[in-house]
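Line order of the protein sequences matches chains U and X. Convert by adding 9 to the 1-based position in the first sequence; the result is the number in my numbering. Convert by adding 9 to the 1-based position in the second sequence; the result is the number in my numbering.
Keep in mind that the hints were calculated from the coordinates and are not lab data. Treat each hint with caution, since some may be false.
As the list makes no split between identical chains, a pair holds if one copy fits it or if it spans any two.
Under the rule of at most 30 Å between Cα atoms (straight-line distance), these lysine-lysine pairs were calculated in the DSS-like manner [stated by the list, open to error]:
1. Lys66 to Lys165
2. Lys14 to Lys106
3. Lys66 to Lys106
4. Lys66 to Lys164
5. Lys13 to Lys66
6. Lys106 to Lys13
7. Lys66 to Lys14
8. Lys14 to Lys165
9. Lys122 to Lys106
10. Lys122 to Lys66
11. Lys122 to Lys13
12. Lys165 to Lys13
13. Lys165 to Lys106
14. Lys122 to Lys14
15. Lys165 to Lys122
Number of protein chains: 2
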Amino acid sequence: MDMKKVNSLDFTEFVSVFRNVVERCPLVAAAVWSHRPFSGLEDLENHFFAFIDALPKSGQEGILRCHPDLAGRDVLMGRLSEESRREQSHAGLTSLKTHDRLRLLHLNQEYRKRFGFPFVVAALLSDRATVFQELARRLHCQPESELRTALDEVKKIIHLRLIDLLDSHYFGVE
Amino acid sequence: MDMKKVNSLDFTEFVSVFRNVVERCPLVAAAVWSHRPFSGLEDLENHFFAFIDALPKSGQEGILRCHPDLAGRDVLMGRLSEESRREQSHAGLTSLKTHDRLRLLHLNQEYRKRFGFPFVVAALLSDRATVFQELARRLHCQPESELRTALDEVKKIIHLRLIDLLDSHYFGVE
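Isolated chain U, as found in the complex (with noise of 0.2 Å):
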């Protein structure tokens, strides 16, 4: 899909196709569609950007709970978004044996108590290795350091599943 598709879409089509941008989110798109028509893919990702920007505190946790523990319930409950289980899968987590399941399980705890919102990481820019390391490296920041660390990730998932959903070409990605 290209720009001048993208701004052409009435605001269901555009929620139906972006609706997950931001995971479990499809607010952020039914937002975003007010600032139509974009100028490429870098002003509708600043747009997601912004939008996520402009929260209080309380929201920019809302949007990290939306997002699913890594190799958590949901993925052994078939219950991931498209998206995530494609994510996942990438970083080697819908396929751990018990023993590192446990320890993520473990560790994924020990970080929603500590910080009040799962652990997000950009598992497409990741592998299992460097997940774990993340995982228990981040589990020592502090809170406020913590949650810009998180929402950059949500960032980087941003501008990865949009990459994924308009056309690559035109946008010089190959």
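Place chain X on chain U using the hints.
Positioned in the frame of chain U, the structure of chain X alone reads:
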């Protein structure tokens, strides 16, 4: 569920219970959890309202765009949320005769075209005749005041859905 129970929920449980208090916007419940403990229904619903009030105009329009058309395609396709199905059914909108359905379809289209979001009304407080009347009337309102009217309807829906989810006895509602 009483408020003690509500205040004991972790964020996954809280979002699971309150995810559709704002139609198709689990983000709002996920954000509201940050403000626990809640002293009662009024406190809880005020946090839902405050989230919406703090959004920029595009975000408030986004909240409305997450709502289905009354008696629209989602009704025909069986894609309504359980809450919305019950509310629209109460107002007699899920069993319209063809003539009325086409008239509503036409009015909805006019409304969406004029305001850039779907017509939202607290259907539990309405009947079929009132919905038609209100839609025909609001279609001619100014965009700024219509946005405020529509958000007031969202707040009525939030109030009714919260009462439904919480222990009515606890709040003295019979």
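Pop the pair Lys66 and Lys165 into one bin, within, between, both or neither, using alpha-carbon distances up to 30 Å.
Cα proximity of Lys66 and Lys165: in one copy and across copies (19 Å, 26 Å).
How do Lys165 and Lys13 come out at 30 Å by Cα distance, when the copy is not named: within, between, both, or neither?
within (24 Å within a copy, 38 Å between copies)
Quick one: Lys122 to Lys14, C-alpha cut-off 30 Å, is that within a copy, between copies, both, or neither?
between (44 Å within a copy, 19 Å between copies)
For the identical chains here, do Lys14 and Lys106 meet the 30 Å Cα criterion within one copy, between copies, both, or neither?
neither (44 Å within a copy, 36 Å between copies)
Please sort Lys165 with Lys122 into within, between, both or neither, judging by C-alpha distance up to 30 Å.
The answer is within: 24 Å in one copy meets 30 Å, while 34 Å across copies does not.
How would you label the pair Lys122, Lys13 (within, between, both, or neither) given a Cα cut-off of 30 Å?
between (45 Å within a copy, 20 Å between copies)
Treating 30 Å as the Cα threshold, decide for Lys66 and Lys164: within, between, both or neither.
Cα proximity of Lys66 and Lys164: in one copy and across copies (16 Å, 22 Å).
Between the shortest in-copy and the shortest cross-copy C-alpha distance, which are at most 30 Å for Lys66 and Lys106: within, between, both, or neither?
neither (36 Å within a copy, 47 Å between copies)
Indicate which option fits the pair Lys14, Lys165 if close means a Cα-Cα distance not exceeding 30 Å: within, between, both or neither.
Within one copy, since 24 Å is at most 30 Å while 37 Å is not.
Within a copy, between copies, both or neither: which one fits Lys122 and Lys66 at a CA-CA cutoff of 30 Å?
within (17 Å within a copy, 34 Å between copies)
Alpha-carbon proximity between Lys13 and Lys66, which holds within one copy, between copies, both or neither at 30 Å
between (35 Å within a copy, 24 Å between copies)
For the identical chains here, do Lys165 and Lys106 meet the 30 Å Cα criterion within one copy, between copies, both, or neither?
Answer is within; shortest intra-copy Cα gap is 27 Å, inter-copy 49 Å.
Figure legend: structure checked against the earlier numbered hints; hints not met, in rising order: 2, 3, 6.
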